[in-house]
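> Chains R, Z, X, C and E, in that order, give the protein sequences.
Per this note's numbering, the very first residue in the first sequence carries number 1120; after that it's consecutive.
Per this note's numbering, the very first residue in the second sequence carries number 11; after that it's consecutive.
Per this note's numbering, the very first residue in the third sequence carries number 2; after that it's consecutive.
Per this note's numbering, the very first residue in the fourth sequence carries number 274; after that it's consecutive.
Per this note's numbering, the very first residue in the fifth sequence carries number 51; after that it's consecutive.
Bear in mind the hints are in silico, worked out from the structure with no lab data behind them.
Owing to the predicted nature of the structure, the values given are computational and were not obtained by experimental measurement.
Zero decoy hints are in this set.
With a Cα cut of at most 25 Å, we get these calculated PhoX-like pairs of lysine-lysine:
#1 Z:43 with X:445
#2 C:280 with Z:46
#3 X:116 with X:31
#4 R:1216 with X:163
#5 Z:77 with R:1230
#6 Z:44 with C:280
#7 E:112 with Z:46
#8 C:316 with C:280
#9 Z:38 with C:280
Below, each chain spelled out in residue letters.
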Amino acid sequence: MQIVFILSMAVIATGMYACISSRNIIKIIIGLGIANYGVNLFLVQLGYKAGAIAPIFTHAQSLPMVLPTPQALTLTNIVISFATTALMLSVSLFIHKKTGSLDIKEVGGLKE
Amino acid sequence: METYAGFWHVEWFLTAFIILFFITWLIKSLGDKKYKSGIQEDIFLSGHQEKEYSDYIGSENLYWGFKESLRRYYSLMKKMHNGIISEYIFWFYISILIVLTFITFGVI
Amino acid sequence: MTGLLMHLPAISIALPLFSAFLFQLLGRHKKAKHILAISSITVLELMLILQLFHVASAGNSIYVFGSETPVVQLPSSYGIPIRISFQVDMFNAFLSVLTSSVMLLVIIFSLNSLKEDVGKFYVILMLMLTGMLGLLFTNDLFNLFVFLEILSLSTGIMVMYKANKFSVEAGFKYLVISSLSGLLFLLGVGFIYAQYGMLNISVLASIISIGLIEKIALGFMVVSLFLKSGIAPMHMWLPDAYGEAPEYSVLGVAMATLTCSYAFIRLLFVFSVGELGTLLILGGLLSAIIGSTMSLIQKNVNRLFGYLALAEIGFIVTAIGCGLISTESNLVFSTVSGGLFHMLNDVIDLGILFFISGIAIRIKNSKELDNLSGFGDNKILAVFFILAMFAVSGIPPMNGFLSKLIIYESTFAVSPLIPIILMISSIIILSSLVKVFYSIFNGKSNKKVPLNMMVVLFAAVIAMLVITLFPDAVINNLIKPVTDALITKSEYRSIVGV
Amino acid sequence: MRKEFSKPMVKSIWIFEWINSCGFSEVLPLDSSKFDMERFGIKAVSSPRHADCLLIGGYQTLKSIEIAKRIYEQMPEPKCVIALGSCPISGGMYWDSYNTVKKVDKYIPVDLWILGCPPRPEAIIDGIISLVNAINGGKND
Amino acid sequence: MWWITLIEIAVFPIVAILLGLLLLGIDRKVAARMQRRVGPPILQPFYDVRKLFIKDTVIPKKSTWIFDFMPLLSVVSLFIIILYLPFMGLSPVLHGDMVFILYLLILPSLAKVLGGISSGSPYAAVGSQREITNMMGYEFPLVTIIFFMSWKLFSFGVAKPFSVASFTSGVMWAGLGTLGIAGALLLLFVMLLVIAGELSRPPFDVSSAGEEIAGGITAEYSGRNLGLFYIADALKLIVLTTLVVVLFFPFGISGFLGIGGWFALIADSIFYFIKVLLLMIFSETVLKTSVSRLKVTQLVNAYWGSLLMLSLLGIFIIFIDMVLS
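Given these sequences and hints, build the entire structure.
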């Protein structure tokens, strides 16, 4: 259990590091995506019980079941991060059309 | 209206304002109102006859004195707001560290 | 009638969503879309006002989604609250009325400045309103994350609505910032869930014992909401977003930021985390200083008002921070009531400023301060602007002065340095507003101001004058119960009897 | 017609100096402790809007008389003009040059001539006092 | 009793105008005497105002309607401040608190600035943005001193530490050792310089700089508008010196001499007049004759730098003194 927790924290850390170190907008979006996957991983492993089966009630064997709510949270988060990434990608397309480059220095037109 | 360490009464302020506005209006009406139109109404530009001048001072150089005296502060601000998104996120990470240290070590 | 009252929180979310969906069906006739938008928002506002009075008289009301009778003790074997529930107390009822009236004014203000994509604009506006009302009413942590994301996405699109080079960049930054903050908020929710296995705020508040894990979880949640409401070191996206948003709906974006600040105020007070008070004060003071000094050197008028909004958030956050730190109940009450009263005044005063700049930009169709001049002979606009300038910078007898008076005279008991810095930043705000006054009300050009914009301006100014002339009435039966609802957590916690 | 000087004007006369050449070096000591003009309520002012008297000194060229006339126009109504030194009277030393204005009176109605090239500070003070007495005595023109 | 206050509301401002103009006359006379000049008669300001009210009031074509309204607003706001301060040694007519007075002190110069801006002349626009810079400057030390003193009142356990009435209980010198008195004198010195700044007197008169920007803010004003600004300047002198009297020397003389009734009233007002006169002489007449004008950047550096440090030093000394005793 501890390993997965540390792994998810590592994934989140890499995602967040990718956001600040990359100079290209697409890489920032990818970084955000990775961080989202890290959070999803963290959420899913919360309800994990050793040897339990998926929480599907229709004619399920009488074995202990994994906790269903974190999986619901993860599903919603996946949907939301999907929508946000799609929107950001289309916006970066638009930015490229308008400013001709994806580098954050050129794009950063709004100075002080 | 009572506040923690003071108070504020609107009604007295408004009555005083109305009475004193009337008194000042009386004082002002003592003066002379009429004047000769024409050249007398033009703006005094040390005597020069500017046909079309823009008397408007661009918003860039208003408060030059204040900006000049706080030059170092404003150059720091220019560097801080330089429009690069990864800088903004970097500031967010710094704030996370500050908040987490503050909240875990209970620094009141 | 009482049936309707029971279902109000759910209806207040469903109505904007449903009308957002309807706009697509109406196809091309613009007139119907305008009517639908205005009518749905007015109906919503009346219901929310009704709810405000109901809550004022009958205390908090809770609404549970998905169980037989809407208001029932939460069923399950031994009372784990697994259903999503909305709780309406005096604080978020008051803010919901404020939000919906702001949105109504924004819609009326932008009636004739929308060319052809009327439906698209109203869909985004309705989604923003859904996000805000959901954020206000929700009693469930994960639900708060979902509504935060809805609000962020729709406000991001609203900032990008003008689709020119700069607004797209501002919108992109807004989206990146919001998704990052949503991400970390979810991490905090995950930690809380790992520890207690439940997500209902009021139940958590009653059984939570602040240990290390809870502190880290609350830290993550609160920091991401700081980022979303633009407190000092993380504020750079705010002037970009306000500067580049379309001039008729900037107030909507401003309202979104204030709703995010509601979220973290609610969390901090419900979970009674005292340590963050000093941090809030430092962040508030820093944003007051940066907001006021940076607004002096701006050239774009809405960007300048964006920095003013940042400074005003600084005032509110400092007052709330002092409320968190201090222990003596009288001091806590007056600092928090000062902060909330300033939230109300700030929305109205900034509203007037944004409406006037909206009118100026619409007539001169340029955002630069240098070519907005030409309203010298418009007497009404000049008087309104002067009143708003007095109000924002807190010159008596305007309403801004009332709330700033409460803030100064209560935070000074915490430490005299705080009101000194706040007062200096409000003087600098005054000078940047004088600069805007000089740019706008300079030349003479008899351009006609569209009627609907003047109606909206009149409404905002009347609201300001009502607060100015009857401060005791406003404070005693509006601000006092709202502050009590926020500070006395007992009713908020005990409503979900576990 | 010009509004006439009235009695209360006399106690405080604010002058606006339009002095080109040597006259200024004579007007300067008026503020000094030796010839204190402030004891008569006379104050040098920096904008014609505030001024009552226009002090014209030094030789006036065709261009500068244009500006002087404009300044005179922009002064509020009860106003007077004091010509300082011989240059405004008859062009002074430069009477024979082509562009000096020989007689300022043709362009601006002058009320008081102070002779001297340049007139000494006492002469200026004495001139202004005589103007004050003239106004007190009712002879306005 | 409320009609007595109405009468006082109407009478006090007129008395304040006369007193203010008288003080201005004495100020110019003393300044002249310092330069070994004879100097204008004491009643010179009265003649100036009378003359200004006779002259034409020229309204420039390019100026907006605010140009004509603002002199009125600046005089009205000064009248209102006088009612809230203990004028002529009596207790204040209306009860307000220090934050309100601090904010109301901004209104006169703000009205002057708005008038200058809407007069359409570039000289006035430059003058008014200098005046705002000046205002931003002198607020810092002023606010620091006043908030420190109310904090001191608060630590003494006074109920309403911000109300003017509690200030008149002589908070400054209460319970101070020798060190504290030195700190208080330092604060008084800073306050005198801030007063000179607020009146935009010579070392700080960047806004109405005669030579550089011909006439500064009031370049376009003439006739009765200028007269109103002249009266506003005189009233501001009274208001600010009364503010310093409230902060530093609020005690009356009648208690000391032990005379009661009407004589106490007269004795108090004479003592008040003497206090105001001395304060005015030391604060701005001395400065007017000895120091020349600062540049705008030096102005802000002076306020936010040296004067602020001085006031913090004074506060620190008093704090140490309070801790020791």
